[in-house]
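Peer 1: Okay, so the sequence shown: first residue is 1 according to my numbering, each after it adds one.
Just so you know, the hints here were simulated from the structure itself, not pulled from any lab data.
Treat each hint with caution, since some may be false.
No farther apart than 27 Å at their CA atoms in a straight line, the calculated lysine-lysine pairs in the DSSO-like style are these [unchecked claim]: (1) K74 / K160; (2) K165 / K188; (3) K185 / K160; (4) K31 / K280; (5) K185 / K128; (6) K207 / K74; (7) K31 / K19; (8) K70 / K121; (9) K31 / K242; (10) K207 / K188; (11) K70 / K31; (12) K275 / K242; (13) K207 / K31; (14) K70 / K128; (15) K70 / K280; (16) K160 / K207; (17) K185 / K242; (18) K128 / K74; (19) K31 / K128; (20) K207 / K242; (21) K275 / K70; (22) K121 / K207; (23) K121 / K31; (24) K207 / K275; (25) K165 / K207; (26) K207 / K185; (27) K74 / K121.
What follows is a set of in silico ranges between Cβ atoms, one per label pair, in the way DEER data are often shown [unchecked claim]: (28) D151 / N118: 18 to 26 Å; (29) K280 / V148: 23 to 31 Å; (30) R141 / K70: 25 to 33 Å; (31) E94 / E238: 18 to 26 Å.
Glycine residues also receive a C-beta, built at the ideal position from the N, C-alpha and C atoms.
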Amino acid sequence: MKGIILAGGTGTRLYPLTKSISKQMLPVYDKPMIYYPLSVLMLAGIREILIISTPRDIAGFLSLLGNGQKLGIKLEYAIQEEPNGLAEAFTIGESFIGDSPVALVLGDNVFYGSDFGNRVKESAELTKGCTIFGCHVADPRAYGVVEVDEDMNIVSIEEKPEHPKSSYAVPGLYFFDNQVVEIAKNVKPSERGEKEITAVIEEYLRKGEVNVNLMGRGLAWLDTGTHEALLEASNFVEAIQKRQGLYVACIEEIAFRRGYISHAQLLELAEPLIKTDYGKYLVDIASEKMLQTKI
């Protein structure tokens with residue numbers, strides 16, 4: 001399976017912060033926001049990843065992450081000229097996807113949970129249909145909303161409904177088989193003028209090929225699209241890391257524990273960061289103090 005991170009958009013809700021920089025380059029506590037969705041795909045075992053961003057911002061991501069070789073993965077880049085909707089990611093990435101299934105994660109989503117790595121790894125084994133997630137939220141009106149029956153069959157999916165039929169929001173993480181490219185090509189823009197991901201999921205639903213994975217109380221999902229949400233996400237990550245002594249979305253650690261890079265390569269990545277707690281954490285991992293800790 002291949003992966004796509006959609007890190008485009010203008011970030012107007014975060015102005016003036018994002019007038020000259022991508023939202024996904026802003027810090028969520030101690031690391032750039034894009035580390036969080038990248039870590040999700042790496043946890044899923046996905047090593048070929050396409051980052052889609054704006055003409056202005058693509059160079060910044062390339063400078064930050066390069067081609068991914070230092071992490072034992074392969075990163076490619078593509079441009080979304082205008083924020084035309086999530087479904088457009090699959091047409092932009094058509095040549096990258098090829099004949100592979102694909103996962104899509106939004107660049108401003110933060111996930112954390114004790115069993116989350118296993119869940120996404122299982123989802124990445126998908127060969128037919130699509131898998132979406134459902135997260136219980138207090139006010140789902142700002143999200144796509146999934147309604148399920150008592151047997152966990154999907155009854156309906158709506159995009160930002162005024163009167164939600166359930167409290168389960170669909171976070172920005174999706175797994176699709178290769179049909180998604182052709183389905184996305186046929187999606188018509190909504191009243192908002194965007195090619196909605198909900199329309200893609202509805203086509204899979206029509207075929208009876210949607211699996212929903214409802215996340216319980218043990219999963220934290222944060223959207224960082226507003227100043228308040230960005231601050232809340234930073235405070236959350238700080239609290240977890242200081243309390244547990246384990247880092248959230250540490251892409252170097254994931255690469256090492258997944259066997260993508262060696263002990264020597266991890267130390268090489270830590271060296272320029274050694275004056276920071278982040279760099280010292282990588283050294284601790286490399287020195288085998290924390291090797292028994294699962295991710």
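Peer 1: Next step is simple, just say for each hint if it's right about the structure.
Peer 2: Hint check results:
1. K74 / K160: Distance ~34 Å between K74 and K160 Cα, so the pair is violated.
2. K165 / K188: Status holds; Cα separation ~24 Å.
3. K185 / K160: Status holds; Cα separation ~22 Å.
4. K31 / K280: Holds, at roughly 14 Å.
5. K185 / K128: holds (19 Å)
6. K207 / K74: violated (33 Å)
7. K31 / K19: Answer holds: K31 to K19 is near 20 Å, not above 27 Å.
8. K70 / K121: It holds: about 22 Å lies between the C-alpha atoms, which stays within 27 Å.
9. K31 / K242: holds (15 Å)
10. K207 / K188: OK: K207 and K188 at ~18 Å, within 27 Å.
11. K70 / K31: holds (17 Å)
12. K275 / K242: Roughly 18 Å between the alpha carbons, so the hint for K275 and K242 holds.
13. K207 / K31: The hint is violated at about 41 Å.
14. K70 / K128: Not OK: K70 and K128 at ~32 Å, beyond 27 Å, violated.
15. K70 / K280: Distance ~18 Å between K70 and K280 Cα, so the pair holds.
16. K160 / K207: holds (23 Å)
17. K185 / K242: violated (46 Å)
18. K128 / K74: holds (24 Å)
19. K31 / K128: violated (35 Å)
20. K207 / K242: Since the Cα atoms of K207 and K242 sit roughly 46 Å apart, the hinted pair is violated (cutoff 27 Å).
21. K275 / K70: holds (20 Å)
22. K121 / K207: holds (24 Å)
23. K121 / K31: It holds: about 23 Å lies between the C-alpha atoms, which stays within 27 Å.
24. K207 / K275: violated (54 Å)
25. K165 / K207: holds (22 Å)
26. K207 / K185: Satisfied, since the Cα-Cα distance of roughly 17 Å is no more than 27 Å.
27. K74 / K121: holds (18 Å)
28. D151 / N118: 18 to 26 Å: holds (23 Å)
29. K280 / V148: 23 to 31 Å: violated (45 Å)
30. R141 / K70: 25 to 33 Å: violated (42 Å)
31. E94 / E238: 18 to 26 Å: violated (40 Å)
Of the numbered hints listed earlier, those contradicted by the structure are 1, 6, 13, 14, 17, 19, 20, 24, 29, 30, 31.
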